[in-house]
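K.L.:
Given next are the chains, with one letter for each unit.
4 protein chains.
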Amino acid sequence: MILETVKSEITAHLSYLFGMGKEAVAVDPQRDCRVYAEIAKREGVDIHYIFETHRNEDYVIGSKELSGITGAEIYHGTWPEFEYGLTTYDGQEFELERFTVEALHTPGHTPGCNSYVIYDKTSGDIPVIVFTGDALFVNEVGRADLGGDVKKPVWSANLYDSIHEKLLPLGDNVIVCPAHGAGSVCGSNIAEREVTTLGTERLMSPVLQMNREEFIEYKVKEHQEYPPYFRMMEKLNKEGSPPVGFGPNPKPLSPFEFEEDLEKEAIIVDTRSPTSFASGHIRGAYNAFTPLLGSIGWVLPYDKPILLVLDEETNLEKVSKGLVRIGYDYQVGYLSGTMVEWYREGYQLARLETMTVYELNKDLESGEEWHVLDVRGVDEYETGHIEGSQNLYVGRVDKEHEKVPADVPVAVICSSGVRSSFASSMLLRNGFENIHLTLGGLHAWKKAGFPTVE
Amino acid sequence: MILETVKSEITAHLSYLFGMGKEAVAVDPQRDCRVYAEIAKREGVDIHYIFETHRNEDYVIGSKELSGITGAEIYHGTWPEFEYGLTTYDGQEFELERFTVEALHTPGHTPGCNSYVIYDKTSGDIPVIVFTGDALFVNEVGRADLGGDVKKPVWSANLYDSIHEKLLPLGDNVIVCPAHGAGSVCGSNIAEREVTTLGTERLMSPVLQMNREEFIEYKVKEHQEYPPYFRMMEKLNKEGSPPVGFGPNPKPLSPFEFEEDLEKEAIIVDTRSPTSFASGHIRGAYNAFTPLLGSIGWVLPYDKPILLVLDEETNLEKVSKGLVRIGYDYQVGYLSGTMVEWYREGYQLARLETMTVYELNKDLESGEEWHVLDVRGVDEYETGHIEGSQNLYVGRVDKEHEKVPADVPVAVICSSGVRSSFASSMLLRNGFENIHLTLGGLHAWKKAGFPTVE
Amino acid sequence: MILETVKSEITAHLSYLFGMGKEAVAVDPQRDCRVYAEIAKREGVDIHYIFETHRNEDYVIGSKELSGITGAEIYHGTWPEFEYGLTTYDGQEFELERFTVEALHTPGHTPGCNSYVIYDKTSGDIPVIVFTGDALFVNEVGRADLGGDVKKPVWSANLYDSIHEKLLPLGDNVIVCPAHGAGSVCGSNIAEREVTTLGTERLMSPVLQMNREEFIEYKVKEHQEYPPYFRMMEKLNKEGSPPVGFGPNPKPLSPFEFEEDLEKEAIIVDTRSPTSFASGHIRGAYNAFTPLLGSIGWVLPYDKPILLVLDEETNLEKVSKGLVRIGYDYQVGYLSGTMVEWYREGYQLARLETMTVYELNKDLESGEEWHVLDVRGVDEYETGHIEGSQNLYVGRVDKEHEKVPADVPVAVICSSGVRSSFASSMLLRNGFENIHLTLGGLHAWKKAGFPTVE
Amino acid sequence: MILETVKSEITAHLSYLFGMGKEAVAVDPQRDCRVYAEIAKREGVDIHYIFETHRNEDYVIGSKELSGITGAEIYHGTWPEFEYGLTTYDGQEFELERFTVEALHTPGHTPGCNSYVIYDKTSGDIPVIVFTGDALFVNEVGRADLGGDVKKPVWSANLYDSIHEKLLPLGDNVIVCPAHGAGSVCGSNIAEREVTTLGTERLMSPVLQMNREEFIEYKVKEHQEYPPYFRMMEKLNKEGSPPVGFGPNPKPLSPFEFEEDLEKEAIIVDTRSPTSFASGHIRGAYNAFTPLLGSIGWVLPYDKPILLVLDEETNLEKVSKGLVRIGYDYQVGYLSGTMVEWYREGYQLARLETMTVYELNKDLESGEEWHVLDVRGVDEYETGHIEGSQNLYVGRVDKEHEKVPADVPVAVICSSGVRSSFASSMLLRNGFENIHLTLGGLHAWKKAGFPTVE
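Residue numbers (my numbering), protein chains in the order written: chain R, 45 to 498; chain B, 45 to 498; chain Y, 45 to 498; chain E, 45 to 498.
Some clues are possibly wrong.
Where chains are identical, the list cannot tell them apart; a pair therefore holds if satisfied intra-copy or between any two copies.
To be verified - Heads up, simulated EDC-like pairs for lysine to aspartate or glutamate below, C-alpha to C-alpha not over 16 Å straight-line:
| # | residue 1 | residue 2 |
| --- | --- | --- |
| 1 | LYS348 | GLU307 |
| 2 | LYS165 | GLU137 |
| 3 | LYS165 | GLU236 |
| 4 | LYS51 | GLU87 |
| 5 | LYS295 | ASP305 |
| 6 | LYS348 | ASP373 |
Simulated from the structure, these hints should not be mistaken for lab results.
Make a model of the complete structure from these sequences and hints.
P.N.:
This is how it looks when you write it as structure tokens:
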């Protein structure tokens, strides 16, 4: 048997290869999909089917390319109309020699969501594993807001019913394989624990303790952000994305070549840590620290060449693949020799001031004029923020920068100092001059015992 | 979170590293134990505890050496008295920052068996994972015969109670991590599926459908073999095995050097496929094909130098580690250039005749004189064998070869042709001359439609 | 700096990635060419040029696909007219930031052969490395027979001049990077040592000690075989081979599926060791043991589906890639579970008798009727063979099997027992019945002290 | 054949495994020496000898531990008296089956330096490879100053004679394998190119163009630094260093645990990039950016616990091994979650101001009071520095900080901005408050066209 979880860094997406005997199926393959074919070769299995749980919105799915490589058939749910693969009906069974896969319609996150249930024919006839896509995560459930505010109550109700009437009845014993882990934009409270069962979720997941009404009310109230790149993902996933093959091959560029590309409207994505970025960066760069690289989808256009700045050149593969997974193929190059080379060659650079929470608090207490910009999500903001601070979600800062006062010093803050650096880089790009990054963020602020309001 | 299963090839042993945050625990580490320390380093966790489910008898445990490397404390059950580590009491809890481990006494396989239950403190207070050692496998339970025939009923009853009164009450939802997978000498019916839960076992495992009486009767009737190397494993595991460090470092030897060692009473373990062995091997070699290498413990002494013959030299590591896991450290060398070199250098060689089931059947039907030696286990033998065949378990053939008639042609048969080659090599070593290996074994015999009796 | 040698198993072909700073060039890339792009990415270099030393005849070159992945320009020599890439002139220089590459016309092996010389601009202006293609190997030079017997003297003379007037004058100090290592069909006496310089070759290579006349005479007399697949390689290399992408993806097949494909004219390539093959194989299979897999080009057509039998399934990648490198893309599947599964399922099988040199000698001495078929090359045969033996090169046995007497027992012999098994399998395919494989071959025969004639 | 170069990151040390047939030798193995035994196992060779070129002073040699693992004998030169292994005489030959190793006394770098020459017995009797230790590098020769000023002329003369009378006469064709590559503290002008021959060196190496007198004069004038850790290396190498086994196992520590260790006199080595360090670091930390980690030997005591701060946790292995290679085994832990965790937990932090060369120049031109501290080596300083700048080599700043004025703003500068950050961290540790790191260093200064004096 093989049950291999492929974790897509950057998107916190989980996909699976399951097989018994010499037959296997893939579930929700990532875009750089050779990995499944390679695992299959290594394990001596042949991928017969590729199952999509739904038209994903937060990453590009690699089913079409994987199907081309392996000859496997693609199956998905009933909504939207996909331009490739086949549509399942509820309860459709896929018979393999040693196991059966049953497609279960579990709408809610979208109207066309499927779960896929595994039966081990060699042991008996009860379900043993379920791939739940974005219906059910560890300690959390999927979003129900993607249809917009009007549809939210209905989608939420559907999600409740899918979980309570379709999934949980499969049995406490069933192992759950969801499409996302902690860190995903598809569920803010996903637990660190990566293994679970329907029983464990039924007994411990906070949202599963609510009754139908509570659940719908809770989901309707939930605030979740909808980054602009979602629209591109939805389009690509409906159509089937272009093949990635060897993938984008960004070139090592000298500072001189980098400057040349900048003149051709290239956009810099600086993936270094906020502190590295703060001490010296190329003017105009976005600071999307590798662990939150996915957020770059809020601001990065799809039709401009992308230039990368890396902490270490060995990170190229991770960064490049991370961007490909959200559809950014137009990667022209990266700075060879890292920023050290840029400094050495005597090119100009910009800085971002940093401050500690102690410094911020002292200034605020002593009445200095500071505008505190809190770039966390509204739900986070409401759990406690610095009095007088403005809330503007990090993803919106670039487009809505005019909401931020330009003539006073601004202390940008988030929970830890990472998203606030991304937001700060947006403000700097838009001409702001007096921007300060608050290291440690609200977490440090609270640890230090400074006051917040809710 | 990390839950990494380390599969020990050859012994079909499963061990685990579980961690949340930056703390981890290891369960039943294999003897070549650097792997856990390396995973821990890679994942940024520190191993705090090493838990042993029991004094294993089928492989050497690496706890002591791993403890030396990592500083982790070793815990085990109440029987026997271990010469290292600490003893748990039933229900003892080990508190880590984000999870709790509870030691549960689950005797039966041995009187001192423990299971270890994981509670995820970040999500709630019900159990989520249980490490069951040799109490519960996928579709199977542990052996209860290691105390001998007299204790078998009591140990079986204990095992039933441990499963039904200690393990199953933890909840259907709990994920089960057993100490063995399919192919282990510790459970003959372990399923191919590698993931399960208490609920799945409760509902589907054949032995868990029995009531207490049925279960005890079933276990008492079960025939399982007790290879002589078990005694060495038990001794080493009680005392704590000597460190393996870089491990045995068998040298590449020329045919000439090989011969020299043979004169010093070295014993050859030929790990090539039975067909390779049949066409030409070094006189006196045991044929333990790599996938069943563990069985070599039936015949190989611990105090003689070991010489290896490999199908391909790239298999050295796998074979060498496999032997180390059952305590064979005295590996002096392997044949460089494989048997091709042996042939090229013009050294003498021996052969083993092969026959197909068609040939065997034809001969038997036409009344030719054949002694059919069936070397499967008695339970297998009783499910159907060739009329008139003698049953002598492969492990016993070397010692009890006198039970086999020496003056007639012998057709050695097992289920597929692998164990029968091992048995044939024993007979050849003991001077038998007219030995034939039956390719495909009883499986092929039945497929071909030839008759069996029960 | 990077100088990475990529060794293509099976074809004994050597290719190179050389770079300084962030610029690199590839020389003679193998067909599965992603590896160069991956090394380049890992090392932070960009491949600017791909240099071909000549239109190869013994493997398919991957320049065109690599150019598509990296954007590098392809350059080759003046003959033949290639349908892709650009042609160099003698002495053409390629300037990179830190090094220069000079194309040197070094005809002889073919009229369009190039060597490529590296100058390290950061250290001075003398040559430091030369990529010699098939002009100069370690201890050996390239073949000069590919133009046929008529052109042999001219091509030999050209080769002499290229070596003595173009290459050696570069200086004793220059490191030599040839296109082949030991085991290649392009040079029978290539040394085991893998590093050399022009000086070392000048002083020690036997063929470089000859004067022009001696050299020409020596080359003209040389017997080298021209396998039929060379013609396909030449065609593909002239045109640019089709991209291999993820490559052929042979499926795991059950014995039943295997049989189905056999009925569709599939051809079996059994890559197991001769001894494994001998004990039991599928009727009609060729036995091309993995280390000599390249020889399959003598007999395998390009338009029939290929079925693989492997010693171990982990060898799939190596075997599959090996075949791709000589243009065999039509790989439909491999036997899942290896031959053990075939035996178990009770399918029919064929055998090949083996004999030792002692047995053969005894029979010959006692006057038994044996036809000894020696399948080594004629040059090998002439260094000593069994009296009365017939010489027919292994590659020709399939087509010219009628030259072998069908009504007497045949002992097939080569130098060690590998090529003779391949030849034996051809005879068995052609209906021969009394075929014996001589284990150890002439090497063992001589070691045993048995007589040979020259 | 195998010739594998093991590159020790951090120390820029090169070591080798050379073998033919099934026999191999190791030259100058690094301290974490399992790698050689693993390569040997993979390649099917047995390490017969370990050759040391000299008692190294810049890294700890792993011969003794490797000998324990493999059983190989250790050989070294005649000085000093080693407490393990055997001493060679000049011209001593080590015969292996297919090759010979000749020990050649080549004193100069130290009085007991050896080179080792390889003869390939299968091809002829001229030398083919020479392992030159610290006598000859690519484009450079070894240091001759380790005996102190008095012995410098003699050691320099010896070095000249070893090169010109012992090494070069071996022949232009001989491939050179030195003990160091670019970036080593043992040769400041080692070229980027990594392959060379005696001929290439004879023709292009600048120092080899000098006559004996010029050479001696040149070497006597050379300024090279002697870090205090050299003394420890010399001691360990003379005695044979303690085994590293699994190696130090620094634990992941929370900010709280980090602080606890700090109170026990632990010393922090912050290996992040200078810009990351500048924006926020733990007070008292040394900033030894990973690529120059070896320099930490100037300041770090051997008897204090070491705490690591990493850019990314995946760098742990590289950093930990780098320290082990220069004898720092007392590594207690690293900051789990990196500095982001430190900020989040609200711990105090310190900063280092950065400035560009444009800012520095503007300030200097406008007459602002700046003390410019140039921490490059004196040879570099003399090739051009900022007028009025003080030269104090980075390695000496910690101990001799009193030479730096404490009451004026200090701009610390080196060639690029890496060593200057290390020096800045020393000043901060010593209580300096007004320290500025000049990004880009002299290289940027010159690129920008600002004036220097010599």
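K.L.:
Now, for every hint given, state plainly whether the structure supports it.
P.N.:
Verification of the hints:
no., hint, verdict
1, LYS348 x GLU307, "within (12 Å within a copy, 52 Å between copies)"
2, LYS165 x GLU137, "within (13 Å within a copy, 38 Å between copies)"
3, LYS165 x GLU236, "between (32 Å within a copy, 11 Å between copies)"
4, LYS51 x GLU87, "between (18 Å within a copy, 14 Å between copies)"
5, LYS295 x ASP305, "within (12 Å within a copy, 44 Å between copies)"
6, LYS348 x ASP373, "within (10 Å within a copy, 39 Å between copies)"
Hint violations for this structure: none, all hints satisfied.
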